[in-house]
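Enquirer: Sequence:
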Amino acid sequence: MRSRFGGAAGSGRRWTVLFDVPHRPMRLHDPQEAGLLFAPLALEQVEVLAFVYLDRHQQILGMRHARSAHRDAADLPIRDVAADAIAFHAAAVVMGHNHPSGDPTPSRADREATDRLARALDALGVRLLDHLVVATGGTTSFRSLGFL
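Numbering (full-length UniProt numbering), first residue to last: 1 to 148.
It is worth saying that the hints were derived from the structure and are not from the lab. All of these numbers come straight from a predicted model, not from anything done at the bench. All residues carry an ideal CB built from backbone N, CA and C; glycine is no exception. A portion of the hints provided could be inaccurate.
[Unchecked claim] Label pairs and their calculated CB-CB ranges:
1. 56 <-> 103: 32 to 42 Å
2. 79 <-> 109: 24 to 34 Å
3. 59 <-> 143: 10 to 20 Å
Use the sequences and the hints to build the structure in full.
Expert: Below is the structure:
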């Protein structure tokens, strides 16, 4: 069985642009707002990773997502996330992903992958503000749990 987020970083995955926001100013002020943004992921039948890129005022610059072919695992494309952070001139990133099982509890693999992403972004001067796990059973914020 594959671990959640298993696989090589920078898998060359094609990204889908959910939206670009040059003319629609939006800010994320707290985990609840981010949770609302990621809430539609809870209904997905496979794992979906989503990343929101923010400027230094937490205004949304853009958002991308990648859909997994698996119900319970997704590759975390660290290189792609880092490249997008640079392309967007982002100061921060908020990550979200769903658990199709309905349980929003982060797994150990979720925590390890989040730590790897946070370290990679930190090396670029970009902060991972939060990682939200959304599911039909609720939303969990890594920051609120003290994991970030």
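Enquirer: Hint by hint, which ones does the structure fall short of?
Expert: 2
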